[in-house]
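Same order as they appear, the protein sequences are chains A and B.
The numbering of the first sequence is the UniProt record's numbering, which starts it at 1 and goes up by one.
The numbering of the second sequence is the UniProt record's numbering, which starts it at 1 and goes up by one.
I should point out that these hints are in silico values taken from the structure, not numbers from a laboratory.
Hints are not guaranteed to be accurate.
As the list claims (entries may be wrong) - Here are some of the chain B residues that sit facing chain A, going by a computed Cβ distance under 10 Å: (1) LEU77; (2) VAL231; (3) GLY257; (4) GLU261; (5) LEU280.
Beta carbons: idealized from backbone N, C-alpha and C, even for Gly.
2 protein chains.
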Amino acid sequence: MPETASAAVTRASIGDSEFDRDTAVTRRAPGVYDIGLSAGWTIINAVNGGYLLAVLGRALGDALPHTDPFTVSAHYLTASRPGPAVVRTETVRTGRTLSTGQASLFQYDDDGNEVERIRALASFGDLDALPDDVRTSAKPPAIPPMGQCLGAEDGPAPVDGGSAIADRLMLKLDPATLGWALGQPSGRGEMRAWFGLADGRDADPLSLLLAVDALPPTAFELGLKGWVPTVELTVHVRCRPAPGPLRVSITTRNLAGGFLEEDAEVWDSADRLVAQSRQLARVRLG
Amino acid sequence: MPETASAAVTRASIGDSEFDRDTAVTRRAPGVYDIGLSAGWTIINAVNGGYLLAVLGRALGDALPHTDPFTVSAHYLTASRPGPAVVRTETVRTGRTLSTGQASLFQYDDDGNEVERIRALASFGDLDALPDDVRTSAKPPAIPPMGQCLGAEDGPAPVDGGSAIADRLMLKLDPATLGWALGQPSGRGEMRAWFGLADGRDADPLSLLLAVDALPPTAFELGLKGWVPTVELTVHVRCRPAPGPLRVSITTRNLAGGFLEEDAEVWDSADRLVAQSRQLARVRLG
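Use the sequences and the hints to build the structure in full.
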């Protein structure tokens, strides 16, 4: 078998990947879904917020008449843990172009009480039905070729080795935003990386929900250490991504009063701006 | 009476203004509020989305243990009309620093059916309890002095004279973003203005919810005409605004597939970035 064909069969495809397996929801009743949150998408012990968003997106894509997330706004209430969870959805409005839904993820705490982890409002549509017009003035981020960017496997771990999610991602960080890993943060609220799934599954609208919250926090480059929990995260998916690695650029302009915003944009291999997001996060000043 | 004192008594203050009167909600039951949506905040016949956000914010500020909106994410479902409406709130989670709530605004349609107009998730806190640290890299927008900016009263109406909201606002647009009013749109997705309430009421966190959605659409400067309905709008309030006029800067980078984002930032007279917002809107290409 030629090497190219061999490489093709070892790549995971959409529907048959770690990401698909770990976001799979089982419909228990109309609009109600069971899922086991995987320990494979944690940072230290916290389940990644982008992975959670993809889980909610998957449930809503099943519950609503439209399958593609256009805009998802999530408020993070309590920290999710690996293990069983239930997603309850509500269809708020169905329309010809867009449908709006709500989803909440619940888990049981140590005392057996059901606790809400995250609640989201979302509008879904059909990305393939959009017209082809593009009048964007946005430019792809200035990021070196992938071979010049650095991942966890490139020597002194720039991404904390204690994070299981590092094994699931193909994350190559722009050296210009890696000063923090060498104890020399740039002071600029910027983080840039090439992004993909480690098993080679291509990007789709659901994995974009993961991509916007998968890089190290910009706070690291601002010289802050410690946890930067998300309060609220909104993603706009603007285009179905082309196959190939994504480029993710995150910027923070306003760190004030113990909060900061993280603005992410995601570009595909065809130089299309495929997703934009903004989150409000709390910081502990170090 | 000295002229300055006379001017002071004719200025509306917070709690005693058109904006306060028209966002006032009456508690009918725990978490349920009645309001008459004022025709004074309409553009043509549509009730302004920022005014609606302020109404929801006012209800949530009463229902939740915290009074200041920190982040509000609203999905716009159907067009609101002037007249009676009810806001139903739910307390999702209460915490020491932040409380999260949900609010929906309903009206009756011509057939007597209750229709949901807008649904929002929001996290509220106490802006006065935030630490004073500011490490922002954001700069105030480049906008000429107010005397060089233009409002509806300055000759050929730059803002459509058919909009009642024009009488409620002190809106002075940067001439550099007014090409559309002269049939010469710049092609740049930018809109900048000095912003205040016409009766002189100072800004507060609630009026910031109005400020982020009160300028003409950036689509006008992109050469598009017609309606640009909001799908989703998220606001972060980052600081209690100082007295005096606000500067609002709105930018659009990505017009594609019939949708665009509008990013707004609001600066106060003390040069603090007091609010950031992003909305996803639909466009009709002209």
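Results of checking the hints against the structure:
1. The criterion of a C-beta within 10 Å of any C-beta in chain A is met by LEU77/B, whose closest approach is roughly 5 Å, and the hint holds.
2. Below 10 Å, beta-carbon pairs count as interface contacts, and VAL231/B has one with chain A at about 6 Å; its hint therefore holds.
3. At a threshold of 10 Å, the smallest CB-CB gap from GLY257/B to chain A is about 3 Å, leaving the interface hint in force.
4. A least Cβ separation of about 6 Å between GLU261/B and chain A falls short of the 10 Å threshold, and the interface hint therefore holds.
5. Annotation: LEU280/B was flagged as interfacial toward chain A, and the flag holds, the nearest CB pair being 5 Å apart, inside 10 Å.
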